[in-house]
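Novice: One-letter residues, chain by chain:
4 protein chains.
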Amino acid sequence: MRTKPEPQLDRNALAARFAGVRALTEALVAPLSDADSTVQSMDDASPAKWHLAHTTWFLETFILRDFVAGYALHDERFPFLFNSYYEAEGRRHSRARRGMVTRPTLDEVLAYRGHVDAALLAALPALPAAARELVTLGCHHEEQHQELLITDLLHLMAQNPLEPAVWLAERKVPVEMPGPIGWIEGDAEVTEVGFGGDCFSFDCEGPRHATLLSPHAIADRTITNGEWAAFIADGGYAEPRHWLSDGWAWVKAEGIAAPLYWEQQDGAWTRFGLDGRRPIDPAAPVTHVSFYEADAYASWAGVRLPTEAEWEAAAAAHDPLGGNQLDAAGAVEPRPATHGPAFFGDVWEWTGSAFRPYPGFRPIEGAVGEYNGKFMSGQFVLRGGSCATPRGHVRASYRNFFYPHQRWQFTGVRLAKDL
Amino acid sequence: MRTKPEPQLDRNALAARFAGVRALTEALVAPLSDADSTVQSMDDASPAKWHLAHTTWFLETFILRDFVAGYALHDERFPFLFNSYYEAEGRRHSRARRGMVTRPTLDEVLAYRGHVDAALLAALPALPAAARELVTLGCHHEEQHQELLITDLLHLMAQNPLEPAVWLAERKVPVEMPGPIGWIEGDAEVTEVGFGGDCFSFDCEGPRHATLLSPHAIADRTITNGEWAAFIADGGYAEPRHWLSDGWAWVKAEGIAAPLYWEQQDGAWTRFGLDGRRPIDPAAPVTHVSFYEADAYASWAGVRLPTEAEWEAAAAAHDPLGGNQLDAAGAVEPRPATHGPAFFGDVWEWTGSAFRPYPGFRPIEGAVGEYNGKFMSGQFVLRGGSCATPRGHVRASYRNFFYPHQRWQFTGVRLAKDL
Amino acid sequence: MRTKPEPQLDRNALAARFAGVRALTEALVAPLSDADSTVQSMDDASPAKWHLAHTTWFLETFILRDFVAGYALHDERFPFLFNSYYEAEGRRHSRARRGMVTRPTLDEVLAYRGHVDAALLAALPALPAAARELVTLGCHHEEQHQELLITDLLHLMAQNPLEPAVWLAERKVPVEMPGPIGWIEGDAEVTEVGFGGDCFSFDCEGPRHATLLSPHAIADRTITNGEWAAFIADGGYAEPRHWLSDGWAWVKAEGIAAPLYWEQQDGAWTRFGLDGRRPIDPAAPVTHVSFYEADAYASWAGVRLPTEAEWEAAAAAHDPLGGNQLDAAGAVEPRPATHGPAFFGDVWEWTGSAFRPYPGFRPIEGAVGEYNGKFMSGQFVLRGGSCATPRGHVRASYRNFFYPHQRWQFTGVRLAKDL
Amino acid sequence: MRTKPEPQLDRNALAARFAGVRALTEALVAPLSDADSTVQSMDDASPAKWHLAHTTWFLETFILRDFVAGYALHDERFPFLFNSYYEAEGRRHSRARRGMVTRPTLDEVLAYRGHVDAALLAALPALPAAARELVTLGCHHEEQHQELLITDLLHLMAQNPLEPAVWLAERKVPVEMPGPIGWIEGDAEVTEVGFGGDCFSFDCEGPRHATLLSPHAIADRTITNGEWAAFIADGGYAEPRHWLSDGWAWVKAEGIAAPLYWEQQDGAWTRFGLDGRRPIDPAAPVTHVSFYEADAYASWAGVRLPTEAEWEAAAAAHDPLGGNQLDAAGAVEPRPATHGPAFFGDVWEWTGSAFRPYPGFRPIEGAVGEYNGKFMSGQFVLRGGSCATPRGHVRASYRNFFYPHQRWQFTGVRLAKDL
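Chains as they are written, first to last, in full-length UniProt numbering: chain E, 1 to 419; chain Y, 1 to 419; chain S, 1 to 419; chain F, 1 to 419.
Rather than coming from a laboratory, the hints here were simulated on the basis of the structure.
A few of these clues could be false.
Per the computed footprint, the stretches of chain E lying under chain Y, defined by three or more beta-carbons under 8 Å from a beta-carbon of chain Y, are [stated by the list, open to error]:
1. 28-37
2. 70-83
3. 94-100
4. 158-165
5. 284-295
Below, computed lysine to any residue pairings styled on SDA-like, alpha-carbon distance capped at 25 Å [to be verified]:
6. Y/417 - S/208
7. E/417 - F/210
8. Y/417 - Y/229
9. E/252 - S/42
10. F/172 - F/328
For glycine and all other residues, C-beta sits at the position ideal for the given N, C-alpha and C.
Construct the complete structure from the given sequences, taking the supplied hints into account.
Specialist: As structure tokens, then:
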């Protein structure tokens with residue numbers, strides 16, 4: 001999973017890190033009822049209960065089962081239910097049917113978590129390095145599911161005509177309007193991209209390799225809700241000229257006319273969020289737009305999306321721990337604190353790069369090797385993390401990926417242009 | 001809704017009847033978790049929570065709102081959520097999306113029931129006759145939903161790979177094998193069918209009218225699981241000659257090869273029920289077969305299904321309160337007590353009659369007039385009630401109806417033939 | 001196929017009848033190009049070339065192959081291509097793929113016809129009675145395909161944005177407006193329906209049997225285009241109250257707002273026909289309406305559709321050879337000659353009766369037994385023949401049947417009501 | 001459409017070139033009947049008649065209409081029918097309905113071609129340079145449609161259970177078996193790719209730009225049918241490990257188990273081609289495989305597909321006019337003349353590169369600007385041309401593109417690997 005040897009966290013630090021990650025997941029489901037945690041709102045989304053159990057299955061399977069002698073599965077029937085897509089791990093429940101599993105209950109799944117956590121923490125002092133690396137992987141894996149849990153939950157609540165808020169939140173003070181976009185220029189030059197450090201990274205982030213940039217400029221901030229409303233008002237969703245052919249077909253077939261969760265009420269745009277329905281904040285970054293929408297916006301604006309290499313080259317100078325990211329359970333949303341070239345947090349930024357392997361990429365052997373490589377067709381790379389990304393999870397080299405029509409993640413837009 | 005004036009139950013008796021019906025519904029959901037009661041397993045089925053709330057909405061709307069001065073809706077948002085299909089009552093939540101509504105919770109819906117029950121019982125003494133008739137209708141309406149709640153719940157549990165039992169039940173003693181089918185002959189004669197009594201009935205049961213029977217015989221019992229297994233073993237599902245054209249297309253498209261919930265394990269047939277998966281009882285009536293399957297079986301057997309008039313003429317001499325019907329919450333299933341000409345209980349019996357209006361039928365005015373008339377295309381009539389039908393609900397004139405491919409109800413087969 | 005022994009046509013008369021039927025089919029395709037005859041416009045329709053070949057395959061298979069010693073198939077590959085739905089005759093080409101068969105060409109199919117016709121006419125003098133009955137059946141079978149050929153062709157031309165006319169036709173003189181509907185009353189009485197004569201009939205028309213009519217009245221004419229336009233103008237397609245539930249779902253899903261082939265141009269209704277697009281004639285019978293539409297119209301008018309027995313009882317006194325029926329190739333359309341109680345021709349009239357077997361009905365043995373019986377679910381009976389029905393084909397007992405949403409045949413509406 | 005000024009062909013040479021291209025298209029349809037040229041076998045394919053007319057519409061619209069004063073459209077209704085996807089040119093017939101247009105006939109479409117050709121050749125001497133460039137574009141555009149016409153025709157014939165041959169062809173002498181793959185190594189270096197010449201090119205081929213190759217090797221020949229049969233025999237289509245996730249879903253959903261048009265007969269593989277069904281030639285390049293299959297093969301072989309830059313760098317040294325390409329109408333198929341590093345002809349080679357814009361790419365203004373840019377999502381680049389590509393049409397910089405599941409073109413596989 002890693003491309004370079006990783007300096008091991010000492011066992012105590014690893015235990016603390018592990019406990020912290022597991023606790024945050026459980027904090028996220030604290031406001032949920034058994035039903036909230038069970039229902040699946042679409043094929044792309046999973047129930048919260050499934051996220052809770054799947055991340056636990058991952059730890060139980062690849063660490064406890066494989067490295068702890070005498071460990072007995074908590075429940076022999078769970079691997080079938082909670083394997084996600086690891087073909088090498090055998091048959092599994094159909095993804096689209098995850099919401100049918102009302103039993104085990106939320107409480108039983110939390111008990112499963114407790115059982116596995118206790119077993120893992122007990123085993124940790126004696127685990128070999130390979131297993132400790134899998135604990136680290138399990139933490140990063142769980143962080144990914146924390147973000148999915150949040151966005152899947154938001155999608156579920158949006159299906160409810162009552163539009164319930166998951167977390168109450170006070171009335172927001174509008175963000176100050178950012179100034180016009182500033183452009184960060186980049187020369188034609190050979191630069192290195194991809195993961196090259198000695199901490200954890202996912203396999204698809206490497207190998208680190210040289211790439212050639214062409215002369216370009218990249219925006220110093222993302223597009224705002226207010227700017228997006230202007231795109232709508234200018235007929236952006238009604239003019240095929242701005243759109244990729246597949247995007248235009250999607251717009252017509254699905255009747256797309258605004259970002260997901262937007263609704264016009266009394267002539268003003270509102271959005272649904274984890275704190276219920278509220279007016280959009282014109283100064284906040286637009287989110288829940290698809291690649292097709294992002295590309296159409298760029299086309300309308302006469303520019304383009306950045307390549308992932310351009311993005312990474314510009315982001316390398318910025319602190320991946322900065323920006324608006326997930327620190328605690330609550331009604332997260334894109335809310336930039338200040339204007340300026342922040343590249344991390346708030347919204348995942350669509351790039352114009354298809355998700356394909358880097359030169360020299362090879363999936364690692366075994367079931368965990370199915371992690372990223374097999375998704376390398378049809379999807380586009382997103383960079384930078386979002387308000388729902390656990391702080392510490394993302395890096396300049398981090399490659400997220402979704403299909404061009406998907407938009408239930410916190411996805412947004414940064415522009416670029418050729419020079 | 002009724003075709004003749006009904007002798008009013010006195011107010012106390014009506015209150016007791018009402019309370020009893022409402023209590024049985026709640027007993028049915030007692031073993032359910034919040035999630036069990038929320039998930040929708042297919043478009044045809046509804047969540048238990050929805051049944052709880054919809055029956056309550058029916059009472060609140062057509063009685064409390066319309067007849068009780070000053071009554072304030074328990075929650076103004078509920079009519080949108082819990083109207084089923086009454087176009088005259090305005091917009092409503094999409095049927096296929098009922099399972100998305102995780103909130104209100106089960107507890108909140110039970111509170112809604114409590115609120116409406118209290119209001120209705122308080123108002124009952126002063127309700128005019130028209131409203132008291134609607135209370136009676138509300139009871140019958142709720143009984144229909146009790147049966148649906150049971151069959152929808154069974155369907156949901158069957159989607160769970162763990163196949164949980166809703167009610168534990170001891171090991172069943174096999175039923176004694178019935179003898180060969182006896183044939184009850186019927187002459188060519190003009191006879192009266194349809195509801196003609198002075199108790200409650202649904203609009204589609206009337207008007208009572210003369211009809212002409214042709215010479216025929218009708219079986220004195222339904223087909224058993226053992227007989228059905230013989231049909232399967234004889235290649236019944238593989239030979240197009242037995243099947244209606246639409247039925248054969250359904251068999252091929254859906255890969256149908258046995259009744260719903262049947263599964264072969266170690267060479268023996270099992271079925272899933274509310275008490276989990278168990279071997280089939282060869283002597284018990286086959287159930288969970290579609291009209292297409294029922295018709296194919298009859299064709300294979302060289303006979304046919306009865307018409308609804310033939311069935312009603314034969315059933316008229318039998319006690320509709322007899323047979324295996326629903327008396328209390330539990331793992332009901334077809335279990336005939338004795339051999340002999342019982343026409344009620346165990347399984348709904350497919351007839352060969354399309355569900356169409358009787359001569360002189362007119363839907364009643366207003367929203368409740370949407371009750372049955374608008375479903376009179378594409379469906380077939382079933383008669384006799386099942387193990388999940390609340391005792392007292394069904395009559396000789398009672399017309400149930402489903403589409404020919406549907407089989408998640410407790411549906412079975414009685415044969416007939418021309419003489 | 002027949003319910004009573006048929007007086008045999010003498011061999012010369014049968015040969016003349018056969019030659020006449022075959023010639024009319026070929027006259028119908030005279031204006032068609034190879035491409036016109038090959039394309040399939042929807043799954044329900046078949047290419048003209050397929051109709052030409054399938055009727056020929058029927059004769060070749062059931063007569064020449066089965067009764068003429070030494071007959072060699074014209075082409076061994078044709079049975080797979082041109083069997084329609086006879087399961088007993090083995091595998092066959094998928095119905096929805098009939099339009100893919102560009103070869104054999106129209107000319108080759110006409111040669112196939114010539115070959116089979118010559119062989120059959122040569123064999124006719126020596127054919128046994130059973131085979132001669134199949135020749136008669138083959139003629140009636142071909143007449144059914146003549147009507148389908150016409151309606152399938154109309155549907156195909158309607159898919160072409162250029163809306164070509166198949167036959168040129170001079171400008172029509174508008175029909176004189178009929179007076180208000182007169183009502184023919186029928187008493188409650190036992191009457192006989194079903195085929196009971198000694199000429200040819202299809203299996204589903206019998207056995208002739210007693211049935212009981214209830215007091216009713218049936219309209220003396222069908223609904224006109226002008227009356228239908230009034231239904232539209234009154235919001236008939238926008239008010240769910242008039243519609244069966246399945247019908248309303250169909251209206252919404254398909255965006256139905258007028259009969260098939262109607263289009264509003266400059267505020268006036270036009271229809272597409274075999275002579276191209278023209279204004280509707282307000283006095284002519286409305287056609288190309290589905291059962292759902294027919295039922296909704298009747299509901300809007302406060303009445304109902306007739307049962308098939310009511311229709312047959314009223315039609316029995318009328319001449320089935322009268323009315324506007326198909327005599328020669330050309331741009332047929334509903335054009336009533338005179339006002340008055342004509343029950344045959346112009347449009348097939350939807351009844352409120354589901355297509356189900358008569359008492360005592362049994363499909364005949366063998367492949368031809370698949371003719372009608374297996375279609376007895378989900379369809380409604382139509383009566384009376386249309387402008388596209390070859391004169392002589394239809395009888396008072398004749399039962400046509402289609403699914404309630406289908407409307408590419410010349411289908412119309414006659415009202416009835418309870419007394 | 002071009003990135004650099006093109007040296008104009010003199011007017012005579014342009015007229016000759018134009019006439020030659022138009023004549024080849026017509027030679028391709030010479031064996032077709034009216035029906036063969038009209039039917040559409042799937043949404044991705046178009047009828048031959050449509051290709052004939054659409055290419056003509058392109059010339060009529062962008063040259064005659066826009067540059068020739070007083071030119072009257074041959075038929076005012078044709079633009080609606082024969083515009084393919086140019087949104088700026090207004091409404092157009094639905095792509096999936098092209099096969100419904102039986103009229104105009106093939107002869108009428110050929111007359112349309114004659115009319116436009118005559119008008120264009122008459123106007124050519126006086127056309128301004130911009131219009132002459134469009135004539136050149138029209139020739140290249142028509143060459144693309146020649147290839148599609150061939151592959152669409154093959155697909156149509158394959159739908160016919162009779163599997164007719166379009167062109168008779170004598171029995172083929174098997175090709176000599178190639179030796180093992182040789183590997184052409186490429187260093188890490190900055191190289192230039194993209195069109196940079198002064199002849200014609202499509203917009204997406206430029207701008208020419210520097211790119212950085214990483215150390216790699218590319219195969220000196222494509223994969224053969226024999227090698228593919230070994231992949232099948234080794235369970236290649238049954239082992240999810242080799243497949244991209246989307247590819248595996250496609251394999252399961254579509255039941256894919258061999259290249260398109262392959263069929264096993266008596267244990268040996270056959271393929272359907274324009275000369276009918278024949279045994280595969282083990283030495284010939286495999287064709288009609290999708291990107292998913294190509295990628296799975298590479299994965300099974302432990303290597304990968306080349307990037308488009310790697311391919312272009314290797315191909316630059318080879319003659320784009322060489323190899324097995326389309327010279328005349330006939331039953332073309334992949335048939336390598338000799339072993340060795342030929343990069344052009346036989347089969348389009350899937351690369352691992354998503355079809356995305358080059359740095360600095362901008363679609364040109366106006367309707368013709370919709371040519372390539374709007375297809376830049378979801379598709380993969382193919383290189384090299386095929387046996388159905390008109391000789392002279394393809395270049396080292398030429399970028400063809402299809403969706404990863406598509407395989408009705410002559411598509412094949414060349415391997416590459418990291419060094």
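Novice: Next step is simple, just say for each hint if it's right about the structure.
Specialist: Hints, verified against the model:
| no. | hint | in the structure |
| --- | --- | --- |
| 1 | 28-37 | holds (count 5) |
| 2 | 70-83 | holds (count 3) |
| 3 | 94-100 | holds (count 3) |
| 4 | 158-165 | holds (count 5) |
| 5 | 284-295 | violated (count 0) |
| 6 | Y/417 - S/208 | holds (17 Å) |
| 7 | E/417 - F/210 | holds (17 Å) |
| 8 | Y/417 - Y/229 | holds (22 Å) |
| 9 | E/252 - S/42 | holds (24 Å) |
| 10 | F/172 - F/328 | holds (18 Å) |
Going down the numbered hints, you'll see the structure goes against just number 5.
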